[in-house]
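Start from the sequences, fold in the hints, and give me the full structure.
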Amino acid sequence: MNDISFGQYYPSDSFLHSLDPRFKIIFTIALVVGMFVCNTVLSFAFAFLVILVLIFISKIPLLTYLKNLKPLIPIILLTVILNLIYVPGKNIILHFWIINITTEGLKTAAFVTLRIIGLVIITSFLTYTTTPTSITSAIESLLKWLKLFKVDIHIFAMMMTIALRFIPTLIDEINKIVNAQKARGADFDSGNIIRKVKAMVPVLIPLFISSFRRAYELANAMECRCYNGGEGRTKLKTMQITYKDFISLFFVIAIIAALILLNKLKILGV
Amino acid sequence: MSILEIENLTHIYSKKTPFEHIAIKDINLNIDKGEIVAIIGHTGSGKSTLIQHMNGLFKADRGTVYYNGSDIWENKKNIRNIRFKIGLCFQYPEYQLFEETVYKDIAFGPKNMGLSEDEIKKRVFTAAKYMEIPKEYLNMSPFDLSGGEKRRVAMAGILAVDPDILVLDEPTAGLDPKGRATLFSIITNYQKQTGKTVIFVSHSMEDVAKVAQRVVVIANGSIAMQGSVEEIFSKADELLEMGLSIPEITKVFIKLNENGHNFKLVYTVDDALNQLRSITEVRDNE
Numbered sequence: 048m049n050d051i052s053f054g055q056y057y058p059s060d061s062f063l064h065s066l067d068p069r070f071k072i073i074f075t076i077a078l079v080v081g082m083f084v085c086n087t088v089l090s091f092a093f094a095f096l097v098i099l100v101l102i103f104i105s106k107i108p109l110l111t112y113l114k115n116l117k118p119l120i121p122i123i124l125l126t127v128i129l130n131l132i133y134v135p136g137k138n139i140i141l142h143f144w145i146i147n148i149t150t151e152g153l154k155t156a157a158f159v160t161l162r163i164i165g166l167v168i169i170t171s172f173l174t175y176t177t178t179p180t181s182i183t184s185a186i187e188s189l190l191k192w193l194k195l196f197k198v199d200i201h202i203f204a205m206m207m208t209i210a211l212r213f214i215p216t217l218i219d220e221i222n223k224i225v226n227a228q229k230a231r232g233a234d235f236d237s238g239n240i241i242r243k244v245k246a247m248v249p250v251l252i253p254l255f256i257s258s259f260r261r262a263y264e265l266a267n268a269m270e271c272r273c274y275n276g277g278e279g280r281t282k283l284k285t286m287q288i289t290y291k292d293f294i295s296l297f298f299v300i301a302i303i304a305a306l307i308l309l310n311k312l313k314i315l316g317v
Numbered sequence: 354m355s356i357l358e359i360e361n362l363t364h365i366y367s368k369k370t371p372f373e374h375i376a377i378k379d380i381n382l383n384i385d386k387g388e389i390v391a392i393i394g395h396t397g398s399g400k401s402t403l404i405q406h407m408n409g410l411f412k413a414d415r416g417t418v419y420y421n422g423s424d425i426w427e428n429k430k431n432i433r434n435i436r437f438k439i440g441l442c443f444q445y446p447e448y449q450l451f452e453e454t455v456y457k458d459i460a461f462g463p464k465n466m467g468l469s470e471d472e473i474k475k476r477v478f479t480a481a482k483y484m485e486i487p488k489e490y491l492n493m494s495p496f497d498l499s500g501g502e503k504r505r506v507a508m509a510g511i512l513a514v515d516p517d518i519l520v521l522d523e524p525t526a527g528l529d530p531k532g533r534a535t536l537f538s539i540i541t542n543y544q545k546q547t548g549k550t551v552i553f554v555s556h557s558m559e560d561v562a563k564v565a566q567r568v569v570v571i572a573n574g575s576i577a578m579q580g581s582v583e584e585i586f587s588k589a590d591e592l593l594e595m596g597l598s599i600p601e602i603t604k605v606f607i608k609l610n611e612n613g614h615n616f617k618l619v620y621t622v623d624d625a626l627n628q629l630r631s632i633t634e635v636r637d638n639e
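Sequences listed follow chains A and B, in order.
Quick note: the first sequence uses the working numbering, first residue 48, plus one each step.
Quick note: the second sequence uses the working numbering, first residue 354, plus one each step.
Derived, one-sided and incomplete: chain A residues facing chain B with beta-carbon distance under 7 Å:
| # | residue |
| --- | --- |
| 1 | P58 |
| 2 | I224 |
| 3 | N226 |
| 4 | A227 |
| 5 | A230 |
| 6 | R231 |
| 7 | G232 |
| 8 | P249 |
| 9 | I252 |
| 10 | P253 |
| 11 | S257 |
Keep in mind that the hints were calculated from the coordinates and are not lab data.
The beta carbon of each residue, even a glycine, is placed where N, CA and C say it ideally should be.
Shown next, in the form of structure tokens:
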């Protein structure tokens with residue numbers, strides 16, 4: 048557990064890193080929608096070309112992105128199998144027992160797989176190039192209009208920020224307590240489920256106690272600095288919209304338009 | 354013979370990520386039976402990483418730790434028994450307390466060893482005695498005790514395992530001067546009575562000078578120097594360069610010598626007092 052670095056932020060100085068997080072969130076949503084628009088071989092080819100270019104621009108090794116796909120392999124396999132079996136069609140390629148594998152099935156299976164891979168990589172662009180705290184403040188900024196409905200978005204953003212901020216601290220703390228109890232011979236790895244759950248008690252109790260202590264101390268520290276909610280609060284790091292964001296906006300619109308157009312063109316009927 | 358032998362130990366955190374960081378590299382260290390060894394070093398120098406290798410909480414990327422001549426990782430299933438032999442007490446150990454009563458918490462280790470109820474009881478009482486925990490505390494909740502008492506309970510939990518080597522990570526961190534003095538006198542008494550090996554990490558040069566027989570200085574993940582208290586603290590300049598210090602009383606005596614006096618350098622207040630007393634006695638006799 049020592050290698051957990053929370054969030055997936057990958058520090059670098061690329062163009063993608065320097066974009067405004069609010070724009071990045073909107074771009075991500077747009078590209079995710081774009082991935083669902085893809086329906087032909089051409090549009091998929093174009094989408095993946097764009098993804099490859101973005102990977103190159105992000106200055107993050109391709110392998111780091113592929114690592115994100117690993118946990119999805121079972122889901123991809125399952126959808127491929129289900130699509131192969133259940134999608135009806137006329138062109139039967141393989142037939143055995145009651146199973147018919149058709150060209151239509153093959154096509155949907157391939158497209159679904161590509162779509163999942165594309166979606167994962169596109170969302171990775173956001174999480175790899177933006178720190179969790181900038182994502183939260185971007186969400187806070189994007190959801191400002193909720194104030195009209197008397198929703199205090201600042202409180203939620205603050206809670207999110209604090210939660211995110213304390214995840215690495217808590218992971219550190221868990222590691223420390225686990226090691227301290229291991230030093231007294233606690234055994235977390237063997238035995239059945241009930242024994243394993245019981246073995247967690249010596250970790251959970253100290254963890255809860257220290258979490259409450261931390262919460263209490265943090266509340267005091269915030270009060271000492273006159274924190275009283277979001278009204279009139281300024282930020283140390285203000286988000287800046289630059290010409291880069293508008294250039295990117297132009298490209299994203301162009302990409303979506305291209306995807307829609309390419310959907311109309313078909314090679315060999317697919 | 355060395356009871357603990359560390360050979361070419363190297364540990365790297367977050368390997369193959371942009372956060373990669375070499376915590377310790379090529380550490381070679383021998384600890385003899387019955388020694389009291391102090392490990393000093395700047396924050397982040399790798400002390401805590403090093404001591405967590407001693408009882409197999411960390412597995413090194415390179416290098417070996419030998420306990421009584423055999424590799425502690427020789428048999429992976431045996432690592433729990435190694436942890437009973439090499440008792441590691443973390444910084445702020447009071448944060449690991451979890452049981453309803455002091456007794457139960459101290460008994461956690463011996464229970465994990467699978468000892469009989471009688472043996473557990475014996476061990477809890479012995480450990481509590483060493484740590485000077487009054488008997489009536491044993492039935493109290495550990496969370497009702499004061500900070501210093503909690504720490505003694507937590508340390509008793511390690512002693513109850515009856516390890517051959519006791520490794521302490523900054524045992525006196527956050528205690529007041531009196532608490533520090535009590536804790537160190539407890540530790541030295543325990544060592545004297547049992548003859549066990551004690552390794553401790555400390556930031557207080559006064560404590561190191563008072564208690565340790567040997568000092569190991571770690572800087573940037575390697576052993577910068579090691580030797581007796583006198584040998585180490587006589588290299589004050591080098592220590593200061595590493596962001597470490599020497600005992601305050603030694604600083605006073607260095608200043609006195611710079612101003613023309615001719616004192617023998619001392620490292621503890623008691624030695625300073627003795628030296629000054631012997632001088633005044635000589636004068637009084639004259």
